[in-house]
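Residue numbers (my numbering), protein chains in the order written: chain Z, 1 to 334; chain X, 1001 to 1334; chain L, 2001 to 2334; chain Y, 3001 to 3334.
Calculated from the structure, these hints are not laboratory results. One should not assume that every hint holds.
Facing chain Z, from chain X, some residues (calculated, C-beta under 8 Å) [said to hold, decoys possible]:
#1 1077
#2 1132
#3 1136
#4 1166
#5 1185
#6 1218
Computed cross-link-like contacts, EDC-like style, restricted to lysine to aspartate or glutamate with a CA-CA straight-line distance of at most 20 Å [stated by the list, open to error]:
#7 X:1214 with Y:3242
#8 L:2214 with Y:3242
#9 X:1063 with L:2032
#10 X:1075 with X:1229
#11 Y:3198 with L:2138
#12 Z:63 with Y:3200
#13 Z:63 with X:1242
#14 Z:155 with Z:138
#15 L:2070 with Y:3138
#16 L:2089 with L:2229
#17 Z:70 with Y:3060
Built from N, CA and C at the ideal position, the CB exists for glycine as well.
Spelled out from the first residue to the last, the chains are:
Number of protein chains: 4
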Amino acid sequence: MITVLKPGTSQAQRDQLIVWLREQGLDVHVSEGSDYTVLGLIGDTSHVDMDLIGSLDIVESVKRVTEPYKQCSRKFHPEDTVVDVGGVKIGGGNFAVIAGPCSVESEEQIIAVAKAVKASGATLLRGGAFKPRTSPYDFQGLKADGIELLLEAKKETGLPIVTEIMNANHLPLFEDVDLIQVGARNMQNFELLKELGKTDRPILLKRGLANTLKELLMSAEYIMAGGNDKIILCERGIRTFETYTRNTLDISAVPMLHELTHLPVIVDPSHATGLNRLVEPMAMAAAACGADGIMIEVHNDPPHALCDGAQSLTPEQFDRVAGKIAGIREIFQK
Amino acid sequence: MITVLKPGTSQAQRDQLIVWLREQGLDVHVSEGSDYTVLGLIGDTSHVDMDLIGSLDIVESVKRVTEPYKQCSRKFHPEDTVVDVGGVKIGGGNFAVIAGPCSVESEEQIIAVAKAVKASGATLLRGGAFKPRTSPYDFQGLKADGIELLLEAKKETGLPIVTEIMNANHLPLFEDVDLIQVGARNMQNFELLKELGKTDRPILLKRGLANTLKELLMSAEYIMAGGNDKIILCERGIRTFETYTRNTLDISAVPMLHELTHLPVIVDPSHATGLNRLVEPMAMAAAACGADGIMIEVHNDPPHALCDGAQSLTPEQFDRVAGKIAGIREIFQK
Amino acid sequence: MITVLKPGTSQAQRDQLIVWLREQGLDVHVSEGSDYTVLGLIGDTSHVDMDLIGSLDIVESVKRVTEPYKQCSRKFHPEDTVVDVGGVKIGGGNFAVIAGPCSVESEEQIIAVAKAVKASGATLLRGGAFKPRTSPYDFQGLKADGIELLLEAKKETGLPIVTEIMNANHLPLFEDVDLIQVGARNMQNFELLKELGKTDRPILLKRGLANTLKELLMSAEYIMAGGNDKIILCERGIRTFETYTRNTLDISAVPMLHELTHLPVIVDPSHATGLNRLVEPMAMAAAACGADGIMIEVHNDPPHALCDGAQSLTPEQFDRVAGKIAGIREIFQK
Amino acid sequence: MITVLKPGTSQAQRDQLIVWLREQGLDVHVSEGSDYTVLGLIGDTSHVDMDLIGSLDIVESVKRVTEPYKQCSRKFHPEDTVVDVGGVKIGGGNFAVIAGPCSVESEEQIIAVAKAVKASGATLLRGGAFKPRTSPYDFQGLKADGIELLLEAKKETGLPIVTEIMNANHLPLFEDVDLIQVGARNMQNFELLKELGKTDRPILLKRGLANTLKELLMSAEYIMAGGNDKIILCERGIRTFETYTRNTLDISAVPMLHELTHLPVIVDPSHATGLNRLVEPMAMAAAACGADGIMIEVHNDPPHALCDGAQSLTPEQFDRVAGKIAGIREIFQK
């Protein structure tokens, strides 16, 4: 950590700060310029409150040299992490194709979709049982019954299942869920992250709508700090000023995260754009820039055939996308 | 809700959509233009999935005419709500001055700050016991012990206390807390909101870092839908591209929320700017535009007297701000 | 245009508004609901001030049904526009590979880079002569001399050239420039756009840092309204909260713009990320989602071989990227 | 400027960088930590390309210690600048009340508004002659005729006039304009800024919709670098995700700019919110936090009396706001 002192800082103020920093277990290396003095803080600075130092009257600025995350950093773990999700490997060259409906609605629906997406090459089945909704009046999901139906579909197809958790108290219901999703709005629900860190279950951690990659990695760090390193990160679009798309897919998050962390990174083009006709090009872009997987909404029974334009693909549309993705993937495997 | 159909929509498609909308309990009023057809959907549209309709192939656009929140809307409750917090009224002309340290550190500290801020005119004491931190390695607060110390300070000074909850399972610890704060990162932790809705405790709901006012009101609606209408909203700065300040205080949120909702609205200039030297002008601005209160960080013992520049004010600085605020408030009471 | 009147609007107010709207040449179609009244405004609404109507006391909301842009809209021109740039076609399946240095520095430099990128498959040469810089103290480019050097490189290699204009008064200097670039900061310099609209020169219009796609299209419309339809749009990254990358590449802008407009759309991964190691994956993503070209910074002489990490690629790095892009393009040509 | 080298940088690479930095006229002070090496760059770093250094392979990060702006910095000019605009002083305790219509429409209109706002205490008259519009089909202002009408109103009332310039070629038309406005979309039109820097005319520089305060100050620096120091800065709202207001007034820009620069800072609540009913509370907030003035849209003839809800105030509404502002100002003058 580098701390720059303002011009005009007295010797006494400087010494007082240095004493206080040393009390926090840091070595302090002083470097004097003509106008300013630079303090290099050496030691474990992950516990140091950078904001507090930065706010001191005599401090011009403060800057971390090392990232505040460690266990998820590639610096300390150069090889790709491969997460085993119910027998399906994700990361390190293993590409996941996760597909399924936004919400689990009925046994018939989920089993039909599961069979269809499996036939097209999906390797995991997704489906919402507990649904975070902006409005208390919107459908909140089938909850425990939804998980039961997902398990039925798993029994039928053999596809491992992914579904979202919203409350650590629900963990017992998720005992047979293969991959537990933390949604964008809960990315900084630190209490939930801590509880998931105590388990040994694979976690799919979605980036928050206005969160930086550093914040995403700090949330992964929460889970890893508890002892659970089975984490898959998911870019699912961020909030920008653009209104034609629901969110904006930050595609550069894929290679950037691959540089920063050893954890697998997948992309959700359905939520990122909110428009089913953009799912194919965005899934292609994700595969072309090295994502470890994609997660796509597929629905078998659009209401009265009117829903073709929705965020969800039909099984036929998904089949086409899955085929194209396989084409892009071949270039990588050469 | 207004739905505009694309040019070229066939009669059959249109009829199919109208039948489906009527099945959802809506009246549909058709208005034909030369190029497009407009459907006016009449009835209780708060249950209707606007995104689904908007994503239909034949739909050009869809727009809500009525807001999706009801119980917190001023349309349905024109008079200001006044929330009684341990005997202190907030809202409807009653201005709250909430002050105290970011974190409760010790009995000595919290009692000294409580006495100081009370002497300067504070009407409530704030202090963090459970602290949401971006890093798992940062200080997470004194937790239950912190609440105990706040209760000690309340006993000494008579000031009602405000502190943040992060987990509904902790509610039993908050039995004697006068005002329960939901932090910015938990604004859309719907599971927590639902649990708070089942209580009859006053709630201080902070706006999320990148959330709109509509989303803030929908979160308030979650609490009210459960039966608890003792809610105070708090503007605490939003994320923008500006870097000189930690966040950007959205001061227009105050009059805008007053127009939209009957709930009281307070401002937290400390978190909004992250700079103690901006707390005074921002508190002045908040008072001048009609806020129902301010919440200011005050710390009695900046580390080794170095902390004057921090986000927190010293008791002396707070005394000056409180005096100036009183001056502004007089203009309103004339 | 749809205008929704507030509940409680009197008949007199409504009639007054309708008279005023008709005076502006619009037909008004009234549709009454139980709570609100909807006015459908029919006719050429592109001249109507939507903000003014929206701000009327009696108006709940107003919404355009048709987009405010016309000449650049795909609705009125379904086929892809193909722009001929000095004999090189761009758009409609013709993929452009534009490469060259950020700034033209010397004859030796620009000719060396031009030869190298041509050998790797570039179809146009880019190079900055007039440089928009945030600081008045930064290098502002070689200006007219820079254009001369680009023309030398064109003579040597046959590559058409692209360079940025900042001032319509400089147009005479751009007489032999094949593609005139409007930079992100000038996207809404309407005076410049109007002057370019009066010429018949191909224009490369870059999206502003915080502008929406609609605003980009409105700026294209400024040029087209003057009579010049030789426009290529460029997505070059938008401002978001992410700090690891300089900007955030909005990759979904490519298919979204293809849906909205007939104009070609290219991607600049160098400016979008600011990191040369992200240029390859982002160029791959752009090609995979259907962009009509890419524009990449290539520099032949990184200062003292230290510059490998810069935004620019070396000719060797560019050669590798160009080869990979060709691989992706093959999938499209199948 | 502080440059942190990555762990593992070789002595040879380090020396090569240092030699290159010294060639650029900088002293380099080396400070070695256990993991990283810090280079302090001393001398005039305003010419140094920070992005280039930051992109070097061996560089972990680079950080400016001194701001890149100088002439507008308060560090080098501690006293408030007072700008004389046609005899009216702005800044240094002199509060400006600027009022007038968005667009000049007719002699009758502008003279009536000018007389009304003068009677209510306005000290300058604003009115748009050249109007930047997002759409080429929208009204672009009366142009030269609009300036003539403003000069008529000035003759009648004695109020100095403010109007926007969009093209440096129009400068001859602005000879008698007292304060030349640079609009938000032209804040980084560097060619225009340079031309204005060559004049000795007072400039009102508006902050761009998504620009930081540093960028605003760099644009002021462009004008000052040319020799013109008569600059007034204007906060007029920034783009955020909030949709109830057109933009978001960044009220903390006022005290923050006062800390960073000696130039006067005024606030435009009309454009910041887009809603006339928010103009009063936002003008109050601006005055309460120390702004040097406000700029408010006032229109005398809302179309058929329907326009009460528009962004513009009526003269009666303005009179009320001006009176309230005077009340707030009294607190400051005590």
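Verification of the supplied hints:
1. At about 17 Å, the closest approach between the beta carbon of residue 1077 of chain X and any beta carbon in chain Z exceeds 8 Å, and the interface hint on this residue is violated.
2. Hint status for residue 1132 of chain X relative to chain Z: holds, with the closest Cβ pair at about 6 Å, below 8 Å.
3. A hinted interface residue such as residue 1136 of chain X counts as satisfied when its beta carbon comes closer than 8 Å to some beta carbon of chain Z; here the least separation is about 4 Å, so the hint holds.
4. A hinted interface residue such as residue 1166 of chain X counts as satisfied when its beta carbon comes closer than 8 Å to some beta carbon of chain Z; here the least separation is about 5 Å, so the hint holds.
5. Among the interface hints, the one on residue 1185 of chain X holds; its C-beta lies about 4 Å from the nearest C-beta in chain Z, closer than the 8 Å criterion.
6. For residue 1218 of chain X, the interface hint holds, since its Cβ comes within 8 Å of a Cβ in chain Z; the closest pair sits about 5 Å apart.
7. Simply put, residue 1214 of chain X and residue 3242 of chain Y have alpha-carbon atoms about 9 Å apart, close enough for the 20 Å limit, and the pair holds.
8. With a C-alpha separation of about 18 Å, the suggested pair residue 2214 of chain L and residue 3242 of chain Y falls inside the 20 Å cut-off, and the hint holds.
9. Taken as a hint, the residue 1063 of chain X and residue 2032 of chain L pair is honoured in the structure, with Cα atoms around 16 Å apart against an allowance of 20 Å.
10. Simply put, residue 1075 of chain X and residue 1229 of chain X have alpha-carbon atoms about 16 Å apart, close enough for the 20 Å limit, and the pair holds.
11. Distance hint between residue 3198 of chain Y and residue 2138 of chain L is fulfilled; the C-alpha atoms sit about 18 Å from each other, no more than 20 Å.
12. The hinted pair formed by residue 63 of chain Z and residue 3200 of chain Y fails the criterion: a straight-line CA distance of about 41 Å is larger than 20 Å.
13. With a C-alpha separation of about 17 Å, the suggested pairing of residue 63 of chain Z with residue 1242 of chain X holds against the 20 Å cut-off.
14. The straight-line distance between the Cα atoms of residue 155 of chain Z and residue 138 of chain Z is roughly 30 Å, outside the 20 Å bound, and the hint therefore fails.
15. With a C-alpha separation of about 14 Å, the suggested pair residue 2070 of chain L and residue 3138 of chain Y falls inside the 20 Å cut-off, and the hint holds.
16. At roughly 14 Å between alpha-carbon atoms, residue 2089 of chain L and residue 2229 of chain L fall within 20 Å of each other, so this suggested pair holds.
17. Note on residue 70 of chain Z and residue 3060 of chain Y: the hinted pairing holds, with a Cα-Cα distance of about 16 Å set against a maximum of 20 Å.
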